[in-house]
Amino acid sequence: MTLSFGKTAPVKSILIPLIAAAGLALVAPAAQAAGEAKKPRDIAFSFEGPFGTFDQGQLQRGYKVYREVCAACHSMNLLSFRNLAEDGGPFWDPHVSNPNENRFVRVLAAEFEIADIDSETGEPIRRPGTPADAFPDPYPNATAAAAGNGGAVPPDLSVMAKARKGGADYIYSLLSGYQPAPAGLRIAPGQHYNPYMPGDLTPFWEGDHDKVPYGGFIAMAQPLRDGQVTYDDDAPETIDQYSRDVAAFIAWASDPKATERKRTGIAVLAYLAIFAGLTYASYRQIWRNVKH
Amino acid sequence: MSEHQSTYVPRTAFERWMDTRLPIIRFGADYMSLPTPKNLNYWYTFGAILTICLMVQIITGVVLAMHYVPNTEMAFASVERIMRDVNGGWLIRYVHSNGASMFFIAVYIHMLRGLYYGSYKAPREMIWIVGCVIFFLLIATAFLGYVLPWGQMSFHGAVVITNLIGSIPVIGGSILTWLQGGPAIDNATLNRFFSLHYLLPFVIFGCVVLHVWALHTAGQNNPVGILIPKDRVAKDTVPFHPYYTVKDGFALILFLIMFAAFVFFMPNALGHADNSIPANPLVTPAHIVPEWYLLPFYAMFGSIAVLFILPWLDTSRVRSMRYRPTMRVFFYIFVVNAFVLGLCGAMLPDAPVIGEFKTFMLIDGDLNSYLWLGRLATLYYFAFFLVILPMVGLRETPLPIPQSISEPVLGGPAAMPAGAPAQPETRG
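Protein chains in written order, with the working numbering: chain G, 1 to 292; chain W, 293 to 720.
Among these hints, one or two may not hold up.
[Claimed, not checked] Here are the computed lysine-lysine pairs in the DSBU-like style, where the Cα-Cα straight-line distance is at most 30 Å:
(1) 39/G - 257/G
(2) 165/G - 211/G
(3) 211/G - 650/W
(4) 165/G - 64/G
(5) 650/W - 527/W
(6) 330/W - 650/W
(7) 64/G - 257/G
(8) 64/G - 39/G
(9) 291/G - 527/W
(10) 39/G - 211/G
(11) 330/W - 291/G
(12) 650/W - 38/G
(13) 165/G - 257/G
(14) 39/G - 262/G
(15) 650/W - 165/G
(16) 527/W - 39/G
(17) 522/W - 291/G
(18) 262/G - 165/G
(19) 39/G - 165/G
(20) 262/G - 64/G
(21) 165/G - 38/G
[What the hints assert, rightly or not] Simulated restraints, written as ranges between beta carbons of each label pair:
(22) 497/W - 233/G: 53 to 61 Å
(23) 631/W - 290/G: 29 to 37 Å
(24) 287/G - 497/W: 29 to 37 Å
(25) 549/W - 290/G: 20 to 28 Å
(26) 659/W - 278/G: 49 to 57 Å
(27) 97/G - 312/W: 56 to 64 Å
(28) 307/W - 94/G: 52 to 60 Å
Calculated from the structure, these hints are not laboratory results.
Just so you know, even glycine gets a beta-carbon here, dropped at the ideal spot from N, CA and C.
Please model the entire structure based on the sequences and the hints provided.
Here's what the structure looks like:
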């Protein structure tokens, strides 16, 4: 037997169905299977896209929500008060280049008592915070945090927008997406239903097996209520607005250099584009007499 | 090429003095004037791009090592501190972490180019084999580096990969303990991984020197795939500089534009969200997946070995697949298959591939599952190297290949003598 292949025909006849099959394989997983979380709602945040920047008013409101609600249980270990006054941060003042001298942040830091050692006597003391201090931890250690929250340690929020698929959209959706558990779902004490929480509810679902609800269980009860935090601007004091603002604040905290990064990126791309043009012109010039 | 005569003439007194003692200037000059086939296309620019990738990784890595703390308690925070408090640290770290992905994009294109144009065939087997060694070292280095930020995926990825070694019968357990520096992945593991992650790039650098040495000895392949006859060297080659420095340079800048788009606008797009959670041995992520560039191999472990013997698996005398229409079809399927394997590595084995329906159980899984898609794709991967390459090489009828590089450029296929021999060297 000899294998005889045409010159080009088999390429198309084999490749087209193959590419179609590969395409189908890529599209297919989009169908949502049981035991999945609801897709986060897509919010048009100001910091999205290559030119997006943080809305300073929103970051200030978000900090207030974090400070008055989230900080009761959640730490933000990677942040210091001075970060709030850095370029692009919630309290950035273009006239004060040194964040440690920012008057808002000095006041905000002084609201906290920080554990320290007296430099003269070596005795443990508590003193008012300074911009150089890290955000204080609400619990002395992880065991205390777990004991105070039904066994679940409230996760650190420093990089939460990077640590969850969906980022700020996910945080917003989770916080504003609490709803009563569907009838037929067994909930353990200390647990709460949230359609955006990753998990698989199949073992706890007593209803129709083809209609397992989205989402999972979360140890945190709905943390926000309408009117809970007083805003100093005209923004509405609603769960939806609080969730948006604190999601934006956490997105900033997770990636405080995002604005600087994108600004640099535009310049780098412009430089590379010009460089590419010049190099291509040189290439054409150098190769002009070579047939290839 | 091997017969390339040095054309360097020392001009100054210092150059003459150096030339009789340490002819390093001659070496550089000869390197830059190397006669290079004039028909190399843009697929051939990835060698230069990879050199830059390696340099970028080494330079950013050395700076990162000045700030990184290889300690399980502090590693995660030290990486975040680099991105928050070190001047320009976010840039250096994102260049390094995305640089690994860029490195693999370039490596895969470079390898597929070699596969397509038959660059692994005589007399270039050693270039290919050293290249396989570099690829293996790259995988090891990337894996070690991914563990260093000590996120959830770092830790549990390290557990999965080291446990593969632990599953070797009898001796596996001891090797595993030795590798981990203890009974489990812990501080000792992180310290040695950091040490090795710093060491291996320099081993890679040494292998790159061998790779380029072998290349300059055997001469470069080209898209036509023929060895350039001695009497045609002048007509069919151009000096490496400035002809290929400018062409490689242009391709490099286009590559850097893609690189910059990732670094500046989607620096975490190729990473996994779970790695922004500090490592916790007590909480296992729902689905442990490696970085994208290892997904095809995660789906079918132990498939790199076959690459080393590739030069002896291909029975065809024709190098370039330009003249092998049959083999070319299998090559394109191979490329698609590689993407399918990558997809299988990312998916849960039990998830259905098409739609929601079940077909029938085959041995241990539903036919409509990534388990079986992965197995079929793995079968093709090995069949490509072990069955298709040897068989097709013996049975195919290649297209007529030109006598020299200039022919297809100047005259097109029509200018070739009618009934030109398909292969200059005929087989019995």
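Hints versus structure:
1. 39/G - 257/G: Distance of about 27 Å is within 30 Å: holds.
2. 165/G - 211/G: 24 Å, holds
3. 211/G - 650/W: 17 Å, holds
4. 165/G - 64/G: 25 Å, holds
5. 650/W - 527/W: Since the Cα atoms of residue 650/W and residue 527/W sit roughly 62 Å apart, the hinted pair is violated (cutoff 30 Å).
6. 330/W - 650/W: 55 Å, violated
7. 64/G - 257/G: With a Cα-Cα distance of about 21 Å, the restraint between residue 64/G and residue 257/G holds, given a limit of 30 Å.
8. 64/G - 39/G: OK: residue 64/G and residue 39/G at ~27 Å, within 30 Å.
9. 291/G - 527/W: 10 Å, holds
10. 39/G - 211/G: Since the Cα atoms of residue 39/G and residue 211/G sit roughly 16 Å apart, the hinted pair holds (cutoff 30 Å).
11. 330/W - 291/G: 8 Å, holds
12. 650/W - 38/G: 23 Å, holds
13. 165/G - 257/G: 20 Å, holds
14. 39/G - 262/G: 27 Å, holds
15. 650/W - 165/G: 29 Å, holds
16. 527/W - 39/G: With Cα atoms ~62 Å apart, residue 527/W and residue 39/G exceed 30 Å; violated.
17. 522/W - 291/G: 19 Å, holds
18. 262/G - 165/G: 21 Å, holds
19. 39/G - 165/G: Since the Cα atoms of residue 39/G and residue 165/G sit roughly 10 Å apart, the hinted pair holds (cutoff 30 Å).
20. 262/G - 64/G: Distance of about 26 Å is within 30 Å: holds.
21. 165/G - 38/G: 12 Å, holds
22. 497/W - 233/G: 53 to 61 Å: 57 Å, holds
23. 631/W - 290/G: 29 to 37 Å: Since the Cβ atoms of residue 631/W and residue 290/G sit about 36 Å apart, the hinted range of 29 to 37 Å holds.
24. 287/G - 497/W: 29 to 37 Å: With Cβ atoms ~31 Å apart, the hint holds.
25. 549/W - 290/G: 20 to 28 Å: About 26 Å separates the Cβ atoms of residue 549/W and residue 290/G, which means 20 to 28 Å holds.
26. 659/W - 278/G: 49 to 57 Å: Holds, since residue 659/W and residue 278/G (Cβ atoms, about 56 Å apart) stay within the stated range.
27. 97/G - 312/W: 56 to 64 Å: Hint holds: Cβ distance 58 Å, inside 56 to 64 Å.
28. 307/W - 94/G: 52 to 60 Å: Since residue 307/W and residue 94/G have Cβ atoms about 55 Å apart, the given range 52 to 60 Å holds.
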